[in-house]
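Novice: So the protein lines, in turn, are chains V and X.
Here the first sequence is numbered in the numbering used here, starting from 63 and rising by one per residue.
Here the second sequence is numbered in the numbering used here, starting from 63 and rising by one per residue.
Be aware that a few hints might be false.
Unchecked claim - Cβ-Cβ distance ranges computed for the label pairs, FRET-style: (1) X:D126 / V:G168: 56 to 66 Å; (2) X:S77 / V:D88: 50 to 60 Å; (3) V:H237 / X:H237: 52 to 62 Å; (4) X:E133 / V:T193: 41 to 51 Å; (5) V:G195 / X:S291: 31 to 41 Å; (6) V:R141 / X:R239: 20 to 30 Å; (7) X:R143 / V:G168: 17 to 27 Å.
Since the hints were derived computationally from the structure, they do not count as laboratory data.
All C-beta atoms in this analysis are idealised placements derived from N, C-alpha and C, irrespective of residue type, glycine included.
Protein chains: 2
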Amino acid sequence: MALTIIPVRGVGEVSPGDDVATLLLDALRRDDLSLVDGDVVVVTHKIVSKAEGRIVELADDDPDAHRAVVEREAAAILRRRGPLTITKTRHGFICANAGVDRSNAGPGRAVLLPVDPDASAHRIRLRMERTTGVRLAVVVTDTFGRPWRRGLVDVAIGVSGMEPLTDLRGTTDTHGRVLDVTEVAVADEVAAAADLVMGKATGIPAAVVRGLHLGVGEGRATDLVRPASEDLFR
Amino acid sequence: MALTIIPVRGVGEVSPGDDVATLLLDALRRDDLSLVDGDVVVVTHKIVSKAEGRIVELADDDPDAHRAVVEREAAAILRRRGPLTITKTRHGFICANAGVDRSNAGPGRAVLLPVDPDASAHRIRLRMERTTGVRLAVVVTDTFGRPWRRGLVDVAIGVSGMEPLTDLRGTTDTHGRVLDVTEVAVADEVAAAADLVMGKATGIPAAVVRGLHLGVGEGRATDLVRPASEDLFR
């Protein structure tokens, strides 16, 4: 069955104290769109962070202040090169500048990552499920660079209502051979798919992925963090 | 506008000498599906490699033979742990076991990566465009692990008819601020999105991503390889 990825338009500017679930449902309603059972609502963390007040004053031309904010947000510094700092966040994610981002933050400001993006996803999901009466999953995303490959991709930093990893252990291929691939990072693939309609410059902060038919799950995006002991590249 | 991701079903087993473009078009026709201008056809390299004869005999219970094949395919070895070898391929991609994969290969066999996946994508695209008369892009995918994050995701290893990186340099956010994000790996996001309908165990080796409205481009997947000099994690 085909998958559909529907952009959520017209959400507008988000401010501290706003209710993201209500903003998204209102935007969908204005476009005559309703959610259905099994929809995955994908939201950029940017509006989640803003609604949660995770904004700091940060002048555009003050690299020292930027560095201080990054160091305050980071749990560990992995690498530095020029203005770029590769960090581990308190959630365990490895990304540039501890997620401190000035894009779409407004002049003289930067947006931080949510304190607990899994909890943010869970709150948005519960509110949307209660309002609509349908079963949903929610994925909160950020845009990360990768080692070895150029360009950025959206990944899941918060998840509710689904398992972020699809466990294929014991599954066989079309020849009956047990698969070498054991876990697919489906929440990251969902985040990447949603970014194809969201974009960075378009002001579309959310999308609905319809037709995935995931089972109900109660995983967390932090399940996607590879333990340092298993990681060959730290 | 919404994006649609359509699985290409019923392709069946692929053998050396088969024409992948024709197999995909036949499968689409049996499902009463036609391609339209701007469609991105995403194909797992597995069937491309098989059609190109990139198959080796490899017993399931012979780790030494497996290692020999991996070392022959790899341009460099980055890390080893147990049966896992992280390699640089001749194309420049960094992945496990130089892409040598026994899943869906058939008993006692392994599938290798195409010699030049960009050229493979280009041939498939030209054949499909000539047959259908519509303008297409083609992405050939593989399933890669990532440092720091658990689970595998599909990425682009061959591209034709599009730019794999969307250049946002000079683009402004909704506040008029020039974006910090400069390049999005759109071909990798397309590959990840397509994997949501393809899967590893389902025997669906291709998908059509419709509604992306990419400009025409002549990039290559090797554009996605980050030069070692820019990479902080080798």
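Novice: All hints are to be evaluated individually against the structure, with a verdict given for each.
Specialist: So, going through the hints one by one against the coordinates:
1. X:D126 / V:G168: 56 to 66 Å: Cβ of X:D126 to Cβ of V:G168: about 60 Å, so the range 56 to 66 Å holds.
2. X:S77 / V:D88: 50 to 60 Å: Since X:S77 and V:D88 have Cβ atoms about 54 Å apart, the given range 50 to 60 Å holds.
3. V:H237 / X:H237: 52 to 62 Å: 54 Å, holds
4. X:E133 / V:T193: 41 to 51 Å: Since the Cβ atoms of X:E133 and V:T193 sit about 57 Å apart, the hinted range of 41 to 51 Å is violated.
5. V:G195 / X:S291: 31 to 41 Å: 55 Å, violated
6. V:R141 / X:R239: 20 to 30 Å: About 26 Å separates the Cβ atoms of V:R141 and X:R239, which means 20 to 30 Å holds.
7. X:R143 / V:G168: 17 to 27 Å: 45 Å, violated
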